[in-house]
Structures are given as structure tokens and as C-alpha cells.
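Q: Read off the chains here:
Number of protein chains: 2
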Amino acid sequence: MKRLGIIGGGQLGKMTILEARKMDIHTCVLTSEYPSPASEIANEYVVGSLYDTEKIKEVAAKCDVLTYEIEHINVEVLKELEEQGKKIFPSSKVIELIQDKSKQKELLDREGIPTSKWKRITEENIEELVEEFGLPVVQKSCKGGYDGRGVFILKDREDVEKIIGGDTFFEEFVECEMEIAVMVARNSQGQMNTYPVVEMVFDDRTNICDTVIAPARISREQSEKATELARRCVEALDGVGIFGVEMFLTKDGEILINEVAPRPHNSGHYTIEACKTSQYEQFIRAVMNYKLGSTDLLSPSCMINILGEDGYTGKVKVTGLEDMMMVDSAYLHIYGKKDTEPFRKMGHITTLDNTQEGALSKALEARECLKVISENS
Amino acid sequence: MKRLGIIGGGQLGKMTILEARKMDIHTCVLTSEYPSPASEIANEYVVGSLYDTEKIKEVAAKCDVLTYEIEHINVEVLKELEEQGKKIFPSSKVIELIQDKSKQKELLDREGIPTSKWKRITEENIEELVEEFGLPVVQKSCKGGYDGRGVFILKDREDVEKIIGGDTFFEEFVECEMEIAVMVARNSQGQMNTYPVVEMVFDDRTNICDTVIAPARISREQSEKATELARRCVEALDGVGIFGVEMFLTKDGEILINEVAPRPHNSGHYTIEACKTSQYEQFIRAVMNYKLGSTDLLSPSCMINILGEDGYTGKVKVTGLEDMMMVDSAYLHIYGKKDTEPFRKMGHITTLDNTQEGALSKALEARECLKVISENS
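Read top to bottom, the protein sequences are chains U and X.
Numbering follows the UniProt record's numbering, in which position 203 of the first sequence is assigned residue number 203; successive positions increment by one, without gaps.
Numbering follows the UniProt record's numbering, in which position 284 of the second sequence is assigned residue number 284; successive positions increment by one, without gaps.
Bound conformation, chain U alone:
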């Protein structure tokens, strides 16, 4: 029986393990806490920090292939393990590059893959760069960003005065027609399959990608261009695994790479119901070096996140399940986190319909029913 180690105990790990459980693949998870969505259904788990060298080695020793479901983990130990011959996909080189957004930007520039203009911020050049980029401008932390954290939009002088320190860079504020994404899978033989281009809609309050519509309502040419760019990104990384490539479709019709996630991605949840092979099964196929599955879309689809309701913290209570079940072709995914907090990702709903508009309308209807609050409320 093949053994897969997964660093991270969250929902991406859980949904991967739900597939592994069908495929005769034994899973061992490194989780920062127990219970957690992934650790509850893994064959084995180890509790420890995702930066703990010894714990990562412990999981590595239990598996044939080691992967991760989150990029904020200890890379140094991955390098050491690779030198000892452990199979780690995506490789430590990929994650190191992706952990530092400025290195990602450098790679894209080097490869001639279009991305928005950017420059490193130093203590001396802030005013000069503000002059150069104009306002608004985007400030990004090189490291540690996640779900909108580490990204700041400086709108006016007041924002500039309060600018954060550390390793950051300015990025041109792009007037977006639409944010789009493509999931790309690649195995170590270099076989590469791409999923349909999707639209990503962000929640203004949280900057979390909130709604995904598949396929994106863009022209065929735009779609082909986006797919080609996504493939080039993953090739440039020499990436093995599954990758969420986020892009801006600008008001000028340009497509710019925003960033790459080296793991299953929120924008690929819809594939569980809407594609022949889900991103999770594909992830396993890619890192285990099996042949990749078909990425054909079976139906237009919409995915909507279920975030913890604002104002509620503590032990999870899901309300409205029965009403949500009344919505046709709507599929619920509750992640099983024990505690909610405002805007925490607690689950998602995917819908299928003959049109994207129909799928979106079902998704909104379903989410209107289902709320995650806390028990003592």
C-alpha cells in the first residue's frame, strides 16, 4: 500500500484524504491540533507545528511521498529530506519560491510571463515608488500572506503614512475586468492537464475568494491565453503536484499572473462535482506519479464559500441544513472545524446548472439558507 504524508490538517487535506480513502493510499497527516478536518479521517496523524523539524521528519518516515496542503511550513527540513532521497512534491524549491512573493515575481519576469509591475520597498524609496506607481497602489508582504492577509491597498496619503515595514513590495494596482484562475496538474513525467478557466469573485469585507464560477464567461481566445500562461507558470516552476494559478484579466484585455498556489485551491473545489476528475484525486495522481485523469467539465458550476457568520465565535453550530437541501443540485461540504470565528472558512457549496447564471443563483439561494454560528448564541 502506498503511503502519502501530508503536512497540514485543514480542509484541503481532508478533501484529499476523502479521495485517498478510495484509492488504497494510506495517509499520515501533520496537524497543528487534533481534532482537525484532515486528522480525523487520516489513517494516522502526528500533532505538531508545521515548522517542527522533528515532527516533519516523523511524518516523512511514515510515507513514500510527502506533500503539503498549505505553503506556510518549514522548508529547510524539506531540503534536508530531499537530499536524503525522500520524494517530496511539489519540491522544496517550488515552495521556497512560492513562500516569497517577490521571488515568484522575479521568476515570472525572468521567464517573460506577464505579471503586474512591481518593485521592492526599502526605507529610502517609498516616496519615489509612490510617485512612480501612483495611488492606489498594492503593498504585499514577501512572506506569510494567505487569504488576503499580507496584501494592503494604499488608497491615499494617510494609508502611505501608516505603511507597514518588513520585506514588502509595491505592485501596480490593476483595474480588473475579472479575476480568473486555472488549476494545473503535472506529474513527474511532465504530463500536464489543465482545468477550465474559472471566474473568482472576492468578498469585499475579507478579501477572501468567495464565489467561483465555472467556466469563466470570457472569450475563447482569452481562455486559451489564460490556460497557456498557467501552463507556462507550472513549467517554469518545474512543479509536480496541483497548482492554482490566479490571474487578472485587465480592463485592457490583458492577462497578468497574480500568484500561484502549490496545492489544491479554493478555485478548484467545484471540480469535485463538476469535472471528471476532482482536483483532489488529481493532486494524488500527480504527486504519486500516476497518469493524470480527465479534466473535462461535466456541467457549468458555481462554488460559494461558507464563512463563519460575523459576530459568532466558539463551538460550531450549522443552521439551515434542511432548507439548504431543498435547493436542486447543490452539494454541501462542511469541513468539520470544531470552532467558528467571523469569516473563517467553514465549508462550501457547489451547484450545477445548465448555465453559469443558474448555478450562481442556486449557490446564492443555498448559502442564504445555511449559516455557521456558534452553539451558545
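Worth double-checking, as some hints may not be accurate.
It does not matter which identical chain is used: a pair holds within one copy or between any two.
Said to hold, decoys possible - Calculated cross-link-like contacts (lysine to any residue; reagent style SDA-like; alpha-carbon spacing at most 20 Å):
no.: 1; residue 1: 2; residue 2: 374
no.: 2; residue 1: 87; residue 2: 291
no.: 3; residue 1: 62; residue 2: 40
no.: 4; residue 1: 140; residue 2: 248
no.: 5; residue 1: 103; residue 2: 84
no.: 6; residue 1: 2; residue 2: 35
no.: 7; residue 1: 371; residue 2: 1
no.: 8; residue 1: 276; residue 2: 299
no.: 9; residue 1: 291; residue 2: 353
Please keep in mind that the hints were generated in silico from the structure rather than gathered at the bench.
None of the values given here were measured: they were computed from a predicted structure.
Assemble the complex: chain U is given as a structure, and chain X must be docked to it using the hints.
A: Chain X alone, transformed into the frame defined by chain U:
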């Protein structure tokens, strides 16, 4: 959080729990051994015989609704629990009736639902019945049959001499054009949804339903008739849950009910990939009294069982996974049983294709690759 108790720790329980894990439903399983496919991923499990009154009560106390994934369980305690107000679906009345195939036959006769001619065997009437039914004739045990066990075809006088005792009946040997089946879901409000009619192909060696082809290659009239009969069966039972209704399509074009299973069924595995709502999600919806999901078929499909290879017993070893993954649109389900034995159900493969013939050919190709043997072989 709603709590579902499941009596039985096998693969049908496992696949149900894989769905429950997405639906914010807590599961507690009664399993005769640990580990077992279902107990490994349930939220809770109790180890004990499926006939153990106290253990069944222990599971019942932990859940809002109690169900089962196998019909060979203690019915008396279910009656007692129902009297105390516990919700049990399908009800004890249904399972009691189904446990005794002669009672099933009586019900069908009473309701005027076509089924093959049958008569109870007593010590005195054997010869008379052999005369009446002719040879070959089918002898069935009233109780305890499963996967072909408890069903005997008496082909000649020698077989008649060796006839088994106990409560049994003779059933007319029907010249079958095809064996077909329909999955029917019904909730306690009486909402009822049916899945497409499928073809069942049996393995001659084991009498286990080996291959299922969806939709069945029969006329529209035959399909409508089969669906109507399946609905009538479940209504006659006043069944709540999901039911596999097995039927004979005779060479004369008649459709006769063979038997009804009060749970997810081998002939419904294909629904995981091929239908909008899998039989497992539907099972949960039905017993929890949620609105039933769409049973629309997304694609023609074939399901093929993976049986333990003949000649191998002991700790499971799956071979050929990598080759099996080369087959397009083929989905593997390994159940996670720890030990194999010849012809034991160890998993299944479902394939999708534009035609039934294409799906069948992919399924045969995939199964040719994948074998379950034992480790020390």
C-alpha cells in the same frame, strides 16, 4: 449537529460516511470488528455483534436516527427501540419482512406485484413440488441469504436428493433475458425518487452481481414498467431509506420482482460518479428526512466489482494500481478491508463513457489491471 447511527461496519457504511463527512452529520457505527471499512472513518464506533441487544442500544443512544447497512441484524431490539420513540429507518417492520424472503414473496403476491411463482417446502411436499415446478428449480432459504448464499439451483435428480433442510421455498426457474435493478429512495414525507434502470451481470463462479451497466439497454416501455414496479415495492413496504429492487426481465418480456434490499446496493455504486446525487448521499437524505436529491444520470456508466483473487487469503495487497490509473474515466473504490479471501468484495471500479459498451470495455480493461491478492504471496 445531527447524529446518524449505522449498524454494520462494511463498505456500504464506509461510502455512506464519506458523504456524511461532508454534510455536518456525525456518524456512529456498530461494527463486528475493528478496524473495518466504516469504523475507521466514522466519528465514533462500537465493537460488537450486530445481534447484540445492548450494543445496538448503545449506538441508538448516541444518535438521532438509526439505520443499517446490512439486513442481517437483531430486529427485536429495533422494535423495542421504536416503541420507546427512537427513529429507525427503514423501520423494523421493513427489515423483518425482508429478512424472510417468503414474507417478501407473500407481500408481493398480496399487492399484486408480479414475482416468480413460489411455494414453501415441507418435508412432505418436495416430490410434489419438483413435479409441479419441474427441473431446474430454485431453492431459497427464507432467511440468511446474501450475495448468492442461500440460493440453490437444483438442476437434476442428484441435486434434489441432496436438498438442504430448514425453512426454504421453491421458486420457478425463470429464463432470464436480463437481470435488472432500480434504486428507489423515499423519505418519511413520502417523497420518492428513482434512479435509472440498470443491467446486472452475475459472476457464474460466485453468483455475485459482478458488473452493472447503466442505463440498462432495454426499451423505454420496459424501463418505465420496471421503474413503476420498483416504486410499488417500496410503497408496499412503506419503506423509508434507499432500496435496491432486483428484477428479472424474462425471455417473454415480462418483468418480475426478484428481491428488495433495504439499503444502498451494489447495483447503485455507479451513482457516485454517474448521477447528480449518489445513492449514499440520497440514503442520508432519505433517513434524515431531507428533500431527496436529483437522480439524473450524467453519463452512461459501468461498475465492476473487484473480488479477492482466487487462491489468496490474508493481508491485502493491491497490485496494478498504476496501470489501472491509465484507463480513462475510471474511478477506483478500494474498501479498505484488511484481509482478502477468494471472491470477497474488496472494491469496485466505475467508468464513464458516451456509450454503455464503451463504459463496459473500460471497466473490463481497468479490472484486468487491478488485482487484490495477499501480502505473502
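Q: Now, for every hint given, state plainly whether the structure supports it.
A: Now for the hints, and whether the structure bears them out:
no.: 1; hint: 2 - 374; in the structure: between (39 Å within a copy, 15 Å between copies)
no.: 2; hint: 87 - 291; in the structure: within (17 Å within a copy, 46 Å between copies)
no.: 3; hint: 62 - 40; in the structure: both (17 Å within a copy, 19 Å between copies)
no.: 4; hint: 140 - 248; in the structure: within (16 Å within a copy, 67 Å between copies)
no.: 5; hint: 103 - 84; in the structure: neither (26 Å within a copy, 66 Å between copies)
no.: 6; hint: 2 - 35; in the structure: between (24 Å within a copy, 19 Å between copies)
no.: 7; hint: 371 - 1; in the structure: between (40 Å within a copy, 13 Å between copies)
no.: 8; hint: 276 - 299; in the structure: both (10 Å within a copy, 10 Å between copies)
no.: 9; hint: 291 - 353; in the structure: between (30 Å within a copy, 18 Å between copies)
When held up to the earlier numbered hints, the structure conflicts with hint 5 and nothing else.
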